[in-house]
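For the record, the sequence lines run as chains A and B. As numbered in this note's numbering, residues 592 to 880 make up the first sequence, in order. As numbered in this note's numbering, residues 141 to 471 make up the second sequence, in order.
Honestly, the hints are just simulated from the structure, not real lab data. Cβ atoms here follow ideal geometry from the backbone N, Cα and C, with glycine treated the same way. Nothing false has been slipped in among the hints.
With the C-beta cut set under 8 Å, the calculated list includes, among others, these residues of chain A facing chain B: (1) 714; (2) 718; (3) 725; (4) 733; (5) 813; (6) 833; (7) 841; (8) 856.
Mimicking EDC-like on lysine to aspartate or glutamate, the simulated pairs with C-alpha atoms at most 20 Å apart in a straight line are: (9) B:231 - B:321; (10) A:610 - A:867; (11) B:223 - B:429; (12) B:223 - B:193; (13) B:432 - A:823; (14) B:434 - A:823; (15) B:432 - A:838; (16) A:657 - A:647; (17) B:432 - A:825; (18) B:295 - B:333; (19) B:434 - B:188; (20) B:231 - B:313; (21) A:638 - A:825; (22) A:610 - A:871; (23) B:295 - A:838.
Covered, in the sense of this in silico footprint (three residues per stretch, anywhere, with C-beta under 8 Å from a C-beta of chain A), are these stretches of chain B: (24) 271 to 283; (25) 291 to 297; (26) 411 to 421; (27) 426 to 434; (28) 444 to 452.
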Amino acid sequence: MPEFIDVLPARGPSRAWLKVRRSRAAMAGALLVALYLGAAAFAGFAKRPPREISQDSQLQSPGAGKWFGTDHLGRDMLSRVLHGARWSLFIGVVSVGVALIIGVPLGLFAGAAGGAVDALVMRVVDIMLAFPAILLAIAIVATLGPSLFNLMLAVGLVNVPVYARQVRASVLQVRELDYVTAARALGAGRTRIIVFQILPNVAAPIVVLATLGVGTAILEAAGLGFVGLGVEPDTPEWGTMLAQAREHSFMQYPWTVAGPGIAISLAILGFNLLGDALRDALDPRSSKI
Amino acid sequence: MRAFLLRRFALAVPTLLGVSFLVFALAHVGGDPARAIAGEKAPAETVERIRHEYGLDRPVVVQYASYMGGLARGNFGRSSQTKRLVAEDLKRHFPATVELATAALLLAALFGMAAGVLAALRPGSFVDLAVMSLSLVGVSIPVFFLGMLALVAFKGMLPGGGRLDFMTDFTADRTGFVVLDALLSSRAEVAREALLHLLLPACALATIPMAVIARLTRASMLETLSSDYVRTARAKGLPVMAVALRHALRNALIPIVTAIGLQYGTLLSGAVLTETVFSWPGIGRYVVESIKGKDFIAMQGAILVIATAFVLVNLLVDALYGRLDPRISHA
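Working from the sequences, and respecting the hints, build out all of it.
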């Protein structure tokens, strides 16, 4: 491959990176996400296991040794909130993965094939978008039965249209460009063009969407957990913890709500800040540096 | 315009059909409806009898056709949990959701636009920074957490759930909207009580759309504020606020109104979580309850109604968009 083709795209990311580095919002977001990842990584160091029930320390308010207090079964809230980071990260990343694995090929396929195939795929996408996301996810989990796997599957499926649409739009933009024509003239087959020419060039918006998407997936999964369609009730998952707090007079024991609630909010705030900044940086229309 | 509207409605029909088929398929893949109707402990013969009685042993396509035939006549089937007709249940629960969503939208539009205008008037100022940061926090706090926080914060000051106090003897049987019905039957004290009950859930539900509207208003206002006609108006000596509201806001309104409309569709459905927090007897909670009771017929009907409302609201917003902006013609 001639060198000048490589030079142009290589400058893009570094410029984008500079922009991200200069944005205070992006740095705040990165810090929050780092904090969240840290909580997930070091949850194992919590003094008490998240599921350990203690008969004589139920609903204790936060204090020395129990910074976040205890819940109605005497479980340590700090440990549960930290382990919750692990669960929500796992659920968020796997869900986005599911959405990407289905959505990206679907969008590539629709955009590259065009015609009736494209029309059909887009109609299905429209139908899925006709449902409010959380409602469709609830319906899917209700159908398949509540479990960790089905929760991630449902949240992933609901987000398929987001990626399929974006990829298709990018493909339509890219496929008439000169380098695609050139590749075609060189005799590259359709699959080869899609995988080696089109896919790398539609990747940037997907990265942004996926970053923001982890936040959305965490939120949706917590929502499902909150209505009781999430993981097993003793799992330290934030939405499920809030649901249990609601059932056990949280009005008297607000710390049972505070821990998991603040944790979800900060995590989502982090992903929102970071995703927004990435979008600004990668969007060529806002290329003021 | 009319041709455009008709065409848009025509396009929505296949979408709605697809929606109905998807919901139907979900409800039938998921568990055994006959078993759900009969109950967990019913003997196998009873389940088989019910399966035959309800026509659940026929091919799925035939069942779908007969379900759609029923829908055309307003028959959503019978709920296995409440034992009432699903259509009756929906008639009871849907207005509660509409009431909540409307209240939330009014709050969101009013405060969101006000905040956006204030922020746009002094970009970079403390007010701007506060509005932008708050809106970012607003979109990040899950509505169910915010709802619980509000309940803790206003404990004893504001009612904590439901549409009216437990003891209040009043049924909203005219329009289904408690506030409206109370006023219609001139019971001001009931209307006041209903409004108080609305306050917390509506505020909680309003945060996300409020944040979205504030950010959009700010962006749109910044654009119009830097235009020539605004400079001219200021040069004429008109006061800042007059120019901001009468010249800039008016022209900034088109994208804002669109966003508000789209948020309404989201609110109608987003109420699922809010309704759970505040024990609000709306359609979202009905969906959750019917799922917990494995009542797939009720779930199917309720989801169908919400999705249809969502599609239709978005369609209307689309149509309204053309009305507001004379530059867009659908001819």
